[in-house]
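**Student:** So you can see what is in the structure, the chains are spelled out below.
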Amino acid sequence: MTVGLLPALTDEQAMLLDATVRFIEAEFPMEAVRERADGGEGPDAGYLRAAARLGWLGMLADEAHGGGSASGNGLLDAAVIAAERGARLQPGPFAGHSVVVHALSRAGSPGQLEVLAGLVEGRCWATWVADGTCVGSAGQHVELGDAGDGLMLNGTVDGVPDAADCEWLLVAASGRDGLVQVLVPAGAPGVSVRRLEGVDLTRRWCAVELHGVRLPAEAVVGAPGLPTEQLVRCQVEIGCVLSAAEAVGAMDANFRLALDHARSRIAFGRPIGSFQAVKHVLADSSLFLEMSKGIVAAAAGALGRGVPDGPALAHAAKSFVGERGIELTHTCFQVFGGIGYTWEHDQHLFMRRLAAEAAAFGPPAWHRERLLAVAGLS
Amino acid sequence: MSGCAAGEAPAVTAPDPEEYREQARAWMEANLERRADTEGDARSPTLGGSTDKTPEGIAPERRLQRRLHDAGYAGITWPAAYGGQGLGPEHQRAFDEAARHFVLPDFGIVGGTTFGVCAPTMLAHASPAFLERHIPRILAGEELFAQFFSDPEAGSDLAGVRTQAVRDGDRWILRGSKIWSSGAYYADYGMCLARTDWDVPKHRGLTWFAVPTTAKGVTVRRIRQINGNAEFCQEFFDDVELTDDDVIGPVNGGWTVTQTMLFFERGGGGAAGRMTTRGSIAPDLTELAASAGRLDDPLVRDLIARAHVDDLVRDAFQARLGGLMAANPALAASLASYGKLATGTFDPIRANLAMQVGGPHAVVWDRSPSPGADAATGLLNSRILSIAGGSNEMQRNTIGERVLGLPREPAFDTRKPFRDVLRDAQNWSGQVG
Chain A
40 MTVGLLPALT
50 DEQAMLLDAT
60 VRFIEAEFPM
70 EAVRERADGG
80 EGPDAGYLRA
90 AARLGWLGML
100 ADEAHGGGSA
110 SGNGLLDAAV
120 IAAERGARLQ
130 PGPFAGHSVV
140 VHALSRAGSP
150 GQLEVLAGLV
160 EGRCWATWVA
170 DGTCVGSAGQ
180 HVELGDAGDG
190 LMLNGTVDGV
200 PDAADCEWLL
210 VAASGRDGLV
220 QVLVPAGAPG
230 VSVRRLEGVD
240 LTRRWCAVEL
250 HGVRLPAEAV
260 VGAPGLPTEQ
270 LVRCQVEIGC
280 VLSAAEAVGA
290 MDANFRLALD
300 HARSRIAFGR
310 PIGSFQAVKH
320 VLADSSLFLE
330 MSKGIVAAAA
340 GALGRGVPDG
350 PALAHAAKSF
360 VGERGIELTH
370 TCFQVFGGIG
380 YTWEHDQHLF
390 MRRLAAEAAA
400 FGPPAWHRER
410 LLAVAGLS
Chain B
32 MSGCAAGEAP
42 AVTAPDPEEY
52 REQARAWMEA
62 NLERRADTEG
72 DARSPTLGGS
82 TDKTPEGIAP
92 ERRLQRRLHD
102 AGYAGITWPA
112 AYGGQGLGPE
122 HQRAFDEAAR
132 HFVLPDFGIV
142 GGTTFGVCAP
152 TMLAHASPAF
162 LERHIPRILA
172 GEELFAQFFS
182 DPEAGSDLAG
192 VRTQAVRDGD
202 RWILRGSKIW
212 SSGAYYADYG
222 MCLARTDWDV
232 PKHRGLTWFA
242 VPTTAKGVTV
252 RRIRQINGNA
262 EFCQEFFDDV
272 ELTDDDVIGP
282 VNGGWTVTQT
292 MLFFERGGGG
302 AAGRMTTRGS
312 IAPDLTELAA
322 SAGRLDDPLV
332 RDLIARAHVD
342 DLVRDAFQAR
352 LGGLMAANPA
362 LAASLASYGK
372 LATGTFDPIR
382 ANLAMQVGGP
392 HAVVWDRSPS
402 PGADAATGLL
412 NSRILSIAGG
422 SNEMQRNTIG
432 ERVLGLPREP
442 AFDTRKPFRD
452 VLRDAQNWSG
462 QVG
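Just so you know, the protein sequences line up as chains A and B, in that order.
Heads up: the first sequence begins at 40 in this note's numbering, then just goes up one per residue.
Heads up: the second sequence begins at 32 in this note's numbering, then just goes up one per residue.
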């Protein structure tokens with residue numbers, strides 16, 4: 040079973056999809072996800088290496104930097120992968136890693152391109168740590184100042200998924216010349232990644248604390264100010280699409296479970312799915328699910344091809360999926376009834392994941408305001 | 032379903048679509064009026080908001096249709112044997128492209144039911160003799176067909192109609208009433224679903240008839256709608272005499288015909304079209320907010336953004352739905368229910384957003400039309416597509432049962448004679464068996 044993010048696939052996309060699903064189900068199936076939610080281990084380094092061999096990690100890198108896509112539209116292919124990952128509640132900062140790959144491929148210095156090569160090959164995870172202004176969460180400030188002949192980074196960003204597994208952090212901060220990004224080794228002095236508790240048990244949520252982190256000038260990615268603002272907007276849009284794609288996958292899997300339950304659970308002498316009260320809420324959820332797939336595919340397609348309405352579609356996707364995803368998981372929960380409130384059942388894992396995903400890369404209302412801005416209503 | 036040209040051999044001299052388009056364009060330049068530019072009218076469509084047609088008002092439209100027919104541009108994909116052109120959909124597309132800038136006959140809603148629903152259904156099911164009598168006259172603008180579909184007592188349960196045609200020698204006597212017949216007051220005929228056998232299960236005793244609206248015993252009453260228009264009609268049939276010539280498709284085989292008709296009514300399997308709003312942000316709402324002086328209000332901006340998100344999502348969804356239908360032709364008719372449910376769900380949501388954006392300006396106004404008055408009209412019209420043409424509930428049943436594979440609701444009326452169905456329903460106990 041696949042999510043079916045796209046109604047039709049190219050042969051290459053179909054091969055990628057098939058390999059992706061088989062890989063996940065062999066390496067980190069739902070049993071492993073459940074164990075991890077109970078405090079078990081995440082996947083080992085072999086997972087990332089194998090994922091890279093499937094092509095997961097280079098979709099947003101130029102071919103010159105070791106990247107490549109299945110269909111010619113890397114973001115669309117990455118969204119297809121993200122949806123299948125989401126359906127199986129896979130750990131790992133896939134969206135954040137992809138954002139970093141894109142940023143380095145676009146603006147990385149020769150030294151940073153060496154880091155990029157490692158990210159594409161799956162030698163390690165990286166993720167994006169953004170000053171709150173970039174993603175609509177005021178209060179999470181990161182500043183980059185001068186320190187002698189180098190730079191110094193200060194600030195804290197909460198709620199970065201699986202940051203503890205990352206060797207590299209791309210940090211967006213406010214600097215002397217405006218918005219600036221720096222590539223920071225996670226092990227640099229002054230960087231601490233603190234585990235947080237949180238609603239989503241399928242990933243490890245962290246606070247990234249940056250206290251007087253000294254960096255050489257070469258750590259800066261691209262040119263501060265306007266060029267970085269443009270790049271960061273693009274990173275947010277990519278993050279939106281991939282996060283929404285993971286959410287759509289989770290919606291799809293959650294919905295399928297509820298559908299199976301409605302077909303097989305007997306009450307009052309009938310399968311409960313034969314009651315219109317149940318059938319109709321599932322039909323509505325199915326509509327919202329299909330609409331969510333439609334907008335995510337449209338956004339990935341347009342943004343990946345670089346057509347002008349890509350950014351608007353990306354923000355629309357994040358807003359729509361964020362809200363409808365929560366609605367859908369509520370409906371599924373209601374269809375399950377009491378069993379959905381048990382720890383052993385997967386329902387809570389999906390609800391947890393969808394709640395967290397709705398807030399990732401900025402909440403729905405912020406994306407709506409961004410949508411008006413990019414679509415020109417000022 | 033390709034009812035239109037089914038069985039028709041392709042015309043031997045089918046012209047190249049490109050050439051056909053140019054030839055059509057040249058004819059239009061010489062014979063048709065150019066359209067005033069209607070670009071920029073990107074408001075969400077509000078069905079039922081149009082001006083009512085009058086029988087006199089459509090007389091010139093009939094003449095225009097006649098000109099099209101005489102020139103060989105009517106019934107492009109319909110069989111040549113009945114006055115059509117026997118060409119393919121690519122020629123229809125070529126003609127439509129050429130015709131974009133010209134004034135074509137506008138028969139209002141009845142134009143859609145005649146040319147888009149009734150005639151294609153007839154072509155798929157009616158006898159050659161019936162088609163020879165009616166199709167050429169339809170193409171010449173002489174016969175417009177309304178749909179006599181729902182009964183006052185049977186809407187969603189269409190197979191439960193009680194309007195009946197009784198055999199009387201070689202005649203049929205029609206009794207009963209039809210309702211929600213759009214534009215019947217200026218149509219020439221109604222395509223009418225009637226019960227012809229009460230002693231069989233409901234789906235097996237139905238027959239379609241062509242009923243002249245001017246026949247003795249037919250009364251057409253216009254229904255005043257909540258938006259002030261009166262496009263819907265109710266008809267009363269007091270012993271209307273019909274003959275076998277008026278029968279469309281097999282006697283008591285009307286349910287199959289109905290399936291075809293519903294298929295065409297839902298857009299021939301294509302999802303209901305929607306004006307794209309891409310590139311402009313909910314123009315009706317931004318105009319409304321500006322006229323109310325509320326364009327800077329963050330709360331109003333969020334309402335507008337919500338509408339724009341939904342508009343973009345609906346467009347993207349139509350594209351996905353088209354792809355899904357193409358990938359699953361066998362499921363296309365059921366998948367079409369998603370398109371209908373999307374419209375029936377999101378039209379009301381959008382109308383509510385407009386009312387909130389307008390605030391007091393959408394409740395009272397100095398002049399109409401105005402953005403506020405339009406929002407209020409939009410609210411009144413917003414439930415049209417959640418009810419008409421298959422209610423949201425019917426679409427949810429189709430999606431639930433035919434797409435999602437959920438088990439069917441128990442049925443109390445599909446096995447026994449329809450006569451007994453009505454009797455048993457009046458003595459409802461809630462117990463089965």
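A couple of the hints might just be wrong.
As the list claims (entries may be wrong) - Listed next, with one range per pair, are the computed distances between beta-carbon atoms:
#1 A:Thr49 / B:Glu128: 28 to 36 Å
#2 B:Arg198 / A:Thr49: 53 to 61 Å
#3 A:Gly376 / B:Asp270: 53 to 61 Å
#4 B:Arg164 / A:Glu366: 47 to 55 Å
#5 A:Gly308 / B:Ala358: 33 to 41 Å
#6 A:Glu51 / B:Asp47: 32 to 40 Å
#7 B:Gly436 / A:Ala156: 25 to 33 Å
#8 A:Phe307 / B:Thr287: 47 to 55 Å
#9 B:Asp270 / A:Arg295: 37 to 45 Å
#10 B:Ser187 / A:Gly376: 39 to 47 Å
#11 B:Asp83 / A:Phe314: 41 to 49 Å
#12 B:Ser187 / A:Ala394: 36 to 44 Å
#13 A:Gly308 / B:Lys447: 17 to 25 Å
#14 B:Asn383 / A:Ser231: 43 to 51 Å
In short, the hints are calculated from the structure, not lab data.
In this text, a Cβ means the ideal position worked out from N, Cα and C, and glycines have one as well.
**Student:** Take the hints in turn and mark each one as holding or not.
**Tutor:** Now for the hints, and whether the structure bears them out:
Checked against the hint of 28 to 36 Å, the pair Thr49 (chain A) and Glu128 (chain B) passes, with Cβ atoms roughly 29 Å apart. Between Arg198 (chain B) and Thr49 (chain A) the beta carbon distance is about 60 Å. The supplied range of 53 to 61 Å therefore holds. Between Gly376 (chain A) and Asp270 (chain B) the CB atoms are about 56 Å apart, so this pair conforms to the stated range of 53 to 61 Å. Here the CB-CB span from Arg164 (chain B) to Glu366 (chain A) is close to 54 Å, well matched to the stated 47 to 55 Å.
Taking 33 to 41 Å as the suggested C-beta distance range, the pair Gly308 (chain A) and Ala358 (chain B) conforms, at roughly 37 Å. The hint said 32 to 40 Å for the Cβ distance between Glu51 (chain A) and Asp47 (chain B), and at roughly 35 Å that hint holds. The beta-carbon spacing between Gly436 (chain B) and Ala156 (chain A), approximately 47 Å, falls outside the hinted interval of 25 to 33 Å. Under the hint 47 to 55 Å, the C-beta atoms of Phe307 (chain A) and Thr287 (chain B), about 35 Å apart, miss the expected range.
The given range of 37 to 45 Å is broken by Asp270 (chain B) and Arg295 (chain A), whose C-beta atoms sit roughly 56 Å from each other. For Ser187 (chain B) paired with Gly376 (chain A), a C-beta distance near 29 Å fails the hint of 39 to 47 Å. Checked against the hint of 41 to 49 Å, the pair Asp83 (chain B) and Phe314 (chain A) passes, with Cβ atoms roughly 43 Å apart. For the hinted restraint 36 to 44 Å between Ser187 (chain B) and Ala394 (chain A), the CB-CB distance of approximately 37 Å keeps it satisfied.
Evaluation of the 17 to 25 Å hint for Gly308 (chain A) and Lys447 (chain B) yields a pass: the beta carbon distance comes to about 21 Å. Take Asn383 (chain B) and Ser231 (chain A): their Cβ atoms lie about 48 Å apart, and the range 43 to 51 Å holds.
Taken one by one, the earlier hints fail for this structure at numbers 7, 8, 9, 10, listed in ascending order.
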